[in-house]
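What follows is each chain in one-letter form.
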Amino acid sequence: MKDPNPILAVRNLEISFPGNGGMLPLVSELSLDLQRGRTLGLVGESGCGKTLTSLSILGLTPAPGQVTGGEILYAGTNLVNKSERELDKYRGDRIAMIFQEPMTALNPVFTVGSQIAEVLIVHRGFSNAVAWDKVVQMLDRVGIPDAAKRAHAYPHQLSGGMRQRAMIAMAMVTEPDVLIADEPTTALDVTIQAQILDLMLEMQAALGTAILFITHDLGVVSELADDIAVMYAGKVVETGPARQVLSTPQHPYTRALIETLPASAKPGSRLPTIEGMVPDLATLPTGCRFADRCNRVLDDCRMAQPELESAGDNQLAACFHLGAGQ
Amino acid sequence: MTHTVLEARNLKRHFISHHGLINRTTQCVQAVDDVSLELKAGETLALVGESGCGKSTLARCLTLLDKPTAGEILINGEKPKNDLKQYCRNVQMIFQDPYASLNPRLPVGVIIAEPLVIHKIGSKQERRNKVLELLDVVGLRRSDINRYPHQFSGGQRQRISIARALALNPAVIIADEPVSALDVSIQSQILNLFKELQEEFNLAYLFISHDMAVVHYFADRVAVMYLGSIVEEGVTEKTLINPLHPYTRALIDAAPLISKVKRKHGDALKGDPPSPLDPPSGCRFHPRCSYAIEACRSQRPKLEGSGGHKVACSLSDSLHLTPRRRLEGGWA
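Chains as they are written, first to last, in the working numbering: chain A, 102 to 427; chain B, 137 to 468.
Please note that the accuracy of each hint is not assured.
Unchecked claim - Covered stretches of chain B (chain A as the covering partner; in silico rule of three or more C-beta atoms under 8 Å from a C-beta of chain A):
| no. | stretch |
| --- | --- |
| 1 | 322-328 |
| 2 | 345-358 |
| 3 | 380-391 |
Hints were generated in silico from the structure; no laboratory data involved.
Think of the CB as a built atom: it goes at the ideal place given N, C-alpha and C, for glycine as much as any other residue.
Next comes chain A alone, as it looks inside the complex (with noise of 0.2 Å):
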């Protein structure tokens, strides 16, 4: 059931960088809603915008990139325009984040033990010891088998999924709010993905944390989260609960997205794809973003820009002809 107070609501987002003769929004008019103890999952190819978002969230735009409009709230505060040092109070304690790469992401001349004790001294004021207990605890806790002696290892010591695991450590410590996962799993094999999935499921529901997942992948989504929400070239086109918009999606984009998985395909037979290319966001088109590329198109989508409506329980979707062509 739906908590009229998400515990992070993202509205009317607008992200933008410099270009040709000013500022060139990369995201725009984009709302996100995260409910404790549930996951949203935000899917979209390479370029949507999907990081972006994520990363302004945490108040880490890459310059020259910046918000230029809408509002951040957690738990009704908002976090656009908040100072560093601000922001240092929700980043990282209330508000965590786990990357694709987590070899990158460790920092590779400081034990795994001592990086996540970091967190604890930093945001809780924690004594040396106290946190090291805390950190084997925590480390035990996220499936590292012989944690107090891993502790002391260095991330090139561990296995990629090893890694990952221990990234979830640092990032759980603090037994955050919320959790914003950018393809958690991507760098990992499917065996070692599903033990990650596991876990993060499990934290979940131990702390009742709220997770932004970020993937390109809709299989894994529609194992992980309650909520998705679907990006495309800077704004989310579809969104709605999970398996229900993965069963009956209503706009063209999503729909073709999952018919072009070979899963979907007999065998031998041709897959469906989706003809031409993300349109380049310096030169978008005036009306729908998807219009070049979809296969109902009529001149009215080239006129003006769709807006979210209904499309079912729960369901928004932005398309002129919803439910045409079914």
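Add chain B to chain A, keeping to what the hints say.
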């Protein structure tokens, strides 16, 4: 009757690893350990397994980029002659990352023509015509001939790699994860292209992948590799619906598919793959296998079976391994 184009018999590739300056110790990594496989004209054999299982080393041995420690490779039933060029004409490779496998300093026309130059085929004009023809075949524009790799998207770059691999009219293409770096919408375009080319040129593919859904859709036969050896091999349809090896089933179950239910905790295969420096005794999968019995710890099972479905598991007769789900027909 289709003939066997590429055959590997008891192929081994061992690496020697030295440790320590004073107490020098030597360890042997059996990256590819006694692998035999056959590839027939016009068929696709998928090779699947976790990273580090030896898939890519095997591919490098089969393209002679690496010299096998033991075993033999036969092309059209014959050993490669002293002139390795003849072999390379027949076996070409496509790599995973189209950003790394194309020389950024060369225009597309030169990249695609390079195999023809090396093999001294045709005059300059003939080579140019061949390149234009190949651009048509892989779905690029003829005017792309003078452009450079950075001017293309990932999917288009993979098309350039494919054109280069086709330049010598090979019988076999070894493709190492050719679609895993691509977005889903591009992935389907490239898979379709692979299919069309196979029909047109009767190509045999050795298709290395970790994505079971792609393998199920694309391959005629599948070979599953674990720690340097093949543990199961058979016709795709049979193998993926009725796997005989617990590892194969674990791989199928771990494949993320669009499913009707949210993930249930506890289905995942436990543990990491063991270090190839110190492989477990007996069946190499036993430390992670939930069915393992005492005998699995000491006896290494052989790859055997009938009707083209082979498995290396001493318990396979008594296990009934139905995967948790099917790899096709999800929601479409």
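So, going through the hints one by one against the coordinates:
1. 322-328: It holds, with 5 qualifying residues against the three required.
2. 345-358: Holds, because 8 residues of the stretch 345-358 of chain B bring their Cβ atoms closer than 8 Å to Cβ atoms of chain A.
3. 380-391: holds (count 5)
When held up to the earlier numbered hints, the structure conflicts with none and fits them all.
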